[in-house]
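> In numbering that gives the first Met the number 0, the protein residues as written are 0 to 280.
Honestly, the hints are just simulated from the structure, not real lab data. Any given hint could be a false lead.
Unchecked claim - Distance condition first, Cα-Cα at most 25 Å in a straight line; then the derived BS3-like pairs of lysine-lysine:
#  : residue 1 : residue 2
1  : Lys139    : Lys161
2  : Lys133    : Lys56
3  : Lys171    : Lys214
4  : Lys9      : Lys126
5  : Lys13     : Lys139
6  : Lys206    : Lys222
7  : Lys9      : Lys162
8  : Lys126    : Lys161
9  : Lys13     : Lys154
10 : Lys9      : Lys139
11 : Lys162    : Lys108
12 : Lys263    : Lys221
13 : Lys139    : Lys125
14 : Lys89     : Lys154
15 : Lys154    : Lys126
16 : Lys270    : Lys215
17 : Lys133    : Lys89
18 : Lys162    : Lys126
What the hints assert, rightly or not - Simulated restraints, written as ranges between beta carbons of each label pair:
#  : residue 1 : residue 2 : range
19 : Tyr186    : Tyr163    : 16 to 24 Å
20 : Glu68     : Ile178    : 32 to 40 Å
21 : Asn224    : Asn190    : 33 to 41 Å
22 : Glu6      : Leu137    : 20 to 28 Å
23 : Glu119    : Asn99     : 18 to 26 Å
24 : Arg191    : Lys221    : 29 to 37 Å
25 : Arg3      : Glu100    : 28 to 36 Å
26 : Ser93     : Lys162    : 16 to 24 Å
27 : Asp136    : Ser93     : 12 to 20 Å
28 : Glu100    : Asn203    : 27 to 35 Å
29 : Thr175    : Ser93     : 33 to 41 Å
30 : Lys221    : Pro185    : 30 to 38 Å
Just so it is clear, CB atoms sit at the ideal spot from N, CA and C, and this is done for glycine as well.
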Amino acid sequence: MIMRYVELGKTGEKIPVLGQGTHGIYLDRSKEFSEEWKQSLRKGIELGMTHIDTAEKYGDGLSEKIIGEIIKEYNRDDLFITTKLLPNHKTEESMMKAVNESLRRLGLKNVDLYLIHWLEPYSSIKKIMQVLEKLIDLGKTRYIGVSNFSLEQFKQAQQELKKYELVTNQIKINVTDHIHLQECLPYYQDNRLTLTACSPFGGNGLKDIPEDVNKKLNNLAKKYNATIFQIALAWLINHDNIITVPKAMDLDHVQENATAADIKLEFENIKEFYVQMVDGY
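All chains should be built: construct the whole structure from the sequences, respecting the hints.
Below you can see the structure in the form of structure tokens.
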């Protein structure tokens, strides 16, 4: 297999359509579990999934710390590292401290992409955007983006920026949860923006999915000689302007995820998961 790359926003930066997510895989804090996770990350990097996504929230920084240990083993320029800021940092001082702590745990001078994880009711989009722009000026991140923003919030955030642009909105999208995609994908495509789909398996490994969706996944798995997990990933990345960051704690699952990049779904197979049609799909 050969990993497929697409442009991140309008940056000219090429990023793999499949990266590696790390949410939840820190829950077992034993040394054995950490080593298993590291082996999975190494395997993913070997297979071209060089985008690694983390956050200060994941294990209260443990995810960043373990990823930092992995980063040391590779040429930094071969990896694309994303992390996220919790929204409970109300002041610029607090935000800056959180950024520096993330960088310390990762063992990096800068990340490639820095996101605000979500918005709280008291959040000031203007202040957050001011700080994110400052992070680029200070050399602490190359690009900035948001996570879990509605389209209206995303547009407001873009308007508050003075010097730079957001390159992505990371949001939960999968074959059973894709309202945001249905309503907003044309905007992101028209403006050459990237959607990063997190929880591509619904956060529970495609368990308890509706019977009709399960049937469609299994039918397509037979048609394309794939697994339902590969079809779920292929469904996402066969849309223009969408990348995803699945997690895997098993070497076979890592291989399974990476191979999904080879699957080219037919147009009719993509659209059959929609309850209502997206423009162009």
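> Would you mind marking each hint as holding or not holding in the structure?
So, going through the hints one by one against the coordinates:
{"no.": "1", "hint": "Lys139 / Lys161", "verdict": "holds, 18 Å"}
{"no.": "2", "hint": "Lys133 / Lys56", "verdict": "holds, 22 Å"}
{"no.": "3", "hint": "Lys171 / Lys214", "verdict": "holds, 22 Å"}
{"no.": "4", "hint": "Lys9 / Lys126", "verdict": "holds, 24 Å"}
{"no.": "5", "hint": "Lys13 / Lys139", "verdict": "holds, 20 Å"}
{"no.": "6", "hint": "Lys206 / Lys222", "verdict": "holds, 21 Å"}
{"no.": "7", "hint": "Lys9 / Lys162", "verdict": "holds, 14 Å"}
{"no.": "8", "hint": "Lys126 / Lys161", "verdict": "holds, 12 Å"}
{"no.": "9", "hint": "Lys13 / Lys154", "verdict": "holds, 24 Å"}
{"no.": "10", "hint": "Lys9 / Lys139", "verdict": "holds, 20 Å"}
{"no.": "11", "hint": "Lys162 / Lys108", "verdict": "holds, 22 Å"}
{"no.": "12", "hint": "Lys263 / Lys221", "verdict": "holds, 14 Å"}
{"no.": "13", "hint": "Lys139 / Lys125", "verdict": "holds, 19 Å"}
{"no.": "14", "hint": "Lys89 / Lys154", "verdict": "holds, 21 Å"}
{"no.": "15", "hint": "Lys154 / Lys126", "verdict": "holds, 15 Å"}
{"no.": "16", "hint": "Lys270 / Lys215", "verdict": "holds, 11 Å"}
{"no.": "17", "hint": "Lys133 / Lys89", "verdict": "holds, 16 Å"}
{"no.": "18", "hint": "Lys162 / Lys126", "verdict": "holds, 14 Å"}
{"no.": "19", "hint": "Tyr186 / Tyr163: 16 to 24 Å", "verdict": "holds, 19 Å"}
{"no.": "20", "hint": "Glu68 / Ile178: 32 to 40 Å", "verdict": "holds, 38 Å"}
{"no.": "21", "hint": "Asn224 / Asn190: 33 to 41 Å", "verdict": "holds, 36 Å"}
{"no.": "22", "hint": "Glu6 / Leu137: 20 to 28 Å", "verdict": "holds, 25 Å"}
{"no.": "23", "hint": "Glu119 / Asn99: 18 to 26 Å", "verdict": "holds, 21 Å"}
{"no.": "24", "hint": "Arg191 / Lys221: 29 to 37 Å", "verdict": "holds, 36 Å"}
{"no.": "25", "hint": "Arg3 / Glu100: 28 to 36 Å", "verdict": "holds, 34 Å"}
{"no.": "26", "hint": "Ser93 / Lys162: 16 to 24 Å", "verdict": "holds, 22 Å"}
{"no.": "27", "hint": "Asp136 / Ser93: 12 to 20 Å", "verdict": "holds, 19 Å"}
{"no.": "28", "hint": "Glu100 / Asn203: 27 to 35 Å", "verdict": "holds, 30 Å"}
{"no.": "29", "hint": "Thr175 / Ser93: 33 to 41 Å", "verdict": "holds, 37 Å"}
{"no.": "30", "hint": "Lys221 / Pro185: 30 to 38 Å", "verdict": "holds, 32 Å"}
In summary, this structure violates none of the numbered hints.
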